[in-house]
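A.B. asks: Sequence lines, in order, name chains A and B. Each residue of the first sequence is one higher than the last, beginning at 5 in my numbering. Each residue of the second sequence is one higher than the last, beginning at 26 in my numbering.
Careful, some of the hints might be misleading.
Result set (SDA-like, lysine to any residue): computed pairs, CA atoms no more than 20 Å apart in a straight line [stated by the list, open to error]:
hint, chain 1, residue 1, chain 2, residue 2
1, A, Lys379, A, Ser332
2, A, Lys364, B, Tyr226
3, A, Lys364, B, Phe225
4, A, Lys146, A, Pro95
These aren't lab readings, by the way, just hints derived from the structure by calculation.
The residues making up each chain are set out below.
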Amino acid sequence: MQHVELRNIEKRFGSTHALRSANLELRRGEIHALLGENGAGKTSLVRVLFGMIQPDAGEILLDGMPAQIESPADALDKGIALVHQHSLLVPAFTVAENLLLGDRDAFFLSPSKRDQRAADWLERYGFYLDPKTRVETLSVAKQQRLMIVRALSRQVNLLILDEPTAVLAPSEVEELMRLLDRLRGEGMSVVFISHKMEEISSLCDRVTLLRGGETVLSQPLADLNVRDLAQALLGTDPPPPLQPPRSTPGELALRLDDLRAPGLQLSLELRRGEILGIAGIDGNGQDVLEEILAGLCVPEKGRLELAAPPVGILPGDRERSGFIAELSLAENLALSHAAEPHNSPLYRSALGMHWLLSQKLERATRAAITRHQIKGSARDLAGDLSGGNQQKLCVARALGSNPQVLVAINPTRGLDLKSTRELRNELRAHAEAGGAVLLISTDLDEVLEISTRVEVLFRGALSPLDSAEPSRERIGALMLGGTGS
Amino acid sequence: MRARSAIAPLMAVLGALLALACMLLLLGHDPWAATLALVDGAFGNRHAVETTLLRTGPLLLIGLAVALSFRAGIWNIGGEGQLYIGALVATTVATKLTSVLPLVLIAGMLGGALWSGLAALLRAHRGVSEVLSTILLNFIAVLLVSYAVQGPLQEVRGTYPQTDALPSAAMLGVIPGFQRVHWGLAGTLVLALFAWRFLFYSAAGLRLRAIGFAPRVAEYARVRISREIYQVFILAGMLAGLAGALEVTGVTGRLFRDLSAGYGFTAIAVAMLARLHPLAVVPAALFFAGLDTGAAAMQRVAAVPAVTVRIVEALVILFSIGFALPRRKA
Ligand SMILES: Nc1ncnc2c1ncn2[C@@H]1O[C@H](COP(=O)(O)OP(=O)(O)OP(=O)(O)O)[C@@H](O)[C@H]1O
Ligand SMILES: [Mg+2]
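Just need the whole structure built from these sequences, with the hints factored in.
C.D. replies: This is how it looks when you write it as structure tokens:
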């Protein structure tokens, strides 16, 4: 018997038909991949299963019995937990407080007993973490592990993970896979959403493919390899990998000369026509570098020299820095012009102020939606877009003011196969058209695929690679702090 | 979406009125008669309508100031104090310097801006929360006015704690067809329209909303947050200061201690009920002004204590907050 069955689920949000006829059959103790393009309805479908949204039509069966899932609390009672992509922990609380939040029995425990209980849960899933640590000091990966352990501590038997690996480094992905594999051994069912074919093919038992809110394929993964999967998703053969831009590096576009800031000490030169790839594991100074490039942080020594300011910036944390969920798509695009409206075509000055030309904005937004293939319309709230489409909106914002220098930090995070390729192509085109791209990414494959030059960021310092064809192994070693030779 | 956003405030008003009815029943009054007396007292005759409209003006102006401040994430509740300083400066200028009306009004706006600017300075340089500073500045403003009308600005006769009457050149004209409603009210309506265009269709308005929603995203968009914060404080202070100037030049003709009937505080309820939308501030201000005017009539006619209306005002705030919250957080 199936553990969970979702039959012909339908859901509309206003005029958007997010789910048309989505089906999902989940067996007990399997890891089930949920695959589909950006905006296909993956997040919506698992939100139905977790009781966050109520479907307009369709049936939910739990262990063969028709069921209704009224709310997330109800879902937890029925043994279903969803781990969101972004953190839903209380930053100022400790690990133990977060872990036992909402646990009625733990409410009256003394702090030391509570810490002990939290430590027991953590240890049970091989996660050695001091229960007294405050959550805001933890890395993204650790926060995610904590959310998983919190879900498990509620005695669930179905764990849903919405793009858990998007923010993880390769070694952290492996750790997560080992944990999921172990949970499967203990009889846990898992729904796993990801855009990465390799992960799906090495971890999952079966796959369900959504397209436009409909289930178009559901089958065991044993019959499919990575290529088949990509083919099923794209509908065509996957294209060959891209090449670095063909342009030759020209004049200087950006320079950081002996720059010093907390946890950062580096020099860097970026020229027009090139993509400079900066590879590195998260937490090696990328955040501070991003803030300096964005102008949020003034370095202790040295400064940001730009031939044609300002830079266009595609932030690493889109939820926090990339867009405003409560504003429409059009307003988010206009915001990039609002700080300097005098030289923007979207604003007209009168009465000593700058007034929006609504029709121009509407047209510009529609052009951006078409160019970046965003699934949504100009008036939709940015917060209602799917994760991948939010990322595309950030791309549109970064490119909106035609910057010479584009800083892209983990630009393809959350993008599907096709959009990933298109964005990388766009970065190449930017360089080939005389712009300069600084690509800061934790994804080594991405850096190697399209960079003219590669440098490695480790503990706030850069190691340039002089050889024309740096080997993967050498870069990998440098990322871990080795000498690379 | 648009249509639905009007429902919550209406529910808040209805809910509060229902609660009032229940309360009146419990107190042994006839709720229907009391409500009729209230409505009649607010809108039932020419005199009542004009009183209500005159009260709408300051509520509207400060309601706009509160809406703009709150939208930017600035909890400026100093409207009352800014109104008083606006009135004080306008009166001083009109009685001592010049009776050119536009200059008097501008002086009032500058007075309000000075008072809110103090809160902005304290926040920017000393990290003092504006909630605290604006409340304290309210007290200081009221006391300053109190001192002025008993000291340096007291009328020549020296009988009452009030200033001399403003020169008639410094007084606003009455709109033809009315007996007391002055041109300032018309100007106020234009300002509401302007605030709406400003908030939703200007670069500065977008920056203002952006820093309220997500300051970090605004910073990434190269918005200079501290500058924006100053601007919002100044703008809000000017609106409240103008309310004070209009009060002396359009209604009272002189400054005295209890110039404001708590407009600066009621305006917070006005802005909340309007869900911080400048155009919705107009009917919300009218509603609260009507409540205030009708309360006296209700007390007279139905013998219901006017303070019950204060309870309704508080309930409207609570209900507006309650209905504004999303039912379930996604
Ligand atoms: N609350 C909402 N209001 C309006 N539209 C919504 C809402 N939630 C989702 N949508 C729309 O439903 C569609 C499906 O979104 P969903 O988030 O399920 O996609 P997804 O498959 O998870 O995509 P991604 O890979 O980009 O995360 C999108 O077009 C999205 O804009
Ligand atoms: Mg999603």
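A.B. asks: Does each hint fit the structure? Answer for all of them.
C.D. replies: Right, here's what the structure says about each hint:
Straight-line distance between C-alpha atoms of lysine 379 of chain A and serine 332 of chain A comes to about 13 Å, which keeps the hinted pair within the 20 Å bound. Simply put, lysine 364 of chain A and tyrosine 226 of chain B have alpha-carbon atoms about 12 Å apart, close enough for the 20 Å limit, and the pair holds. With a C-alpha separation of about 15 Å, the suggested pair lysine 364 of chain A and phenylalanine 225 of chain B falls inside the 20 Å cut-off, and the hint holds. Restraint check: the Cα-Cα separation between lysine 146 of chain A and proline 95 of chain A comes to about 13 Å, which is no more than 20 Å; the hinted pair holds.
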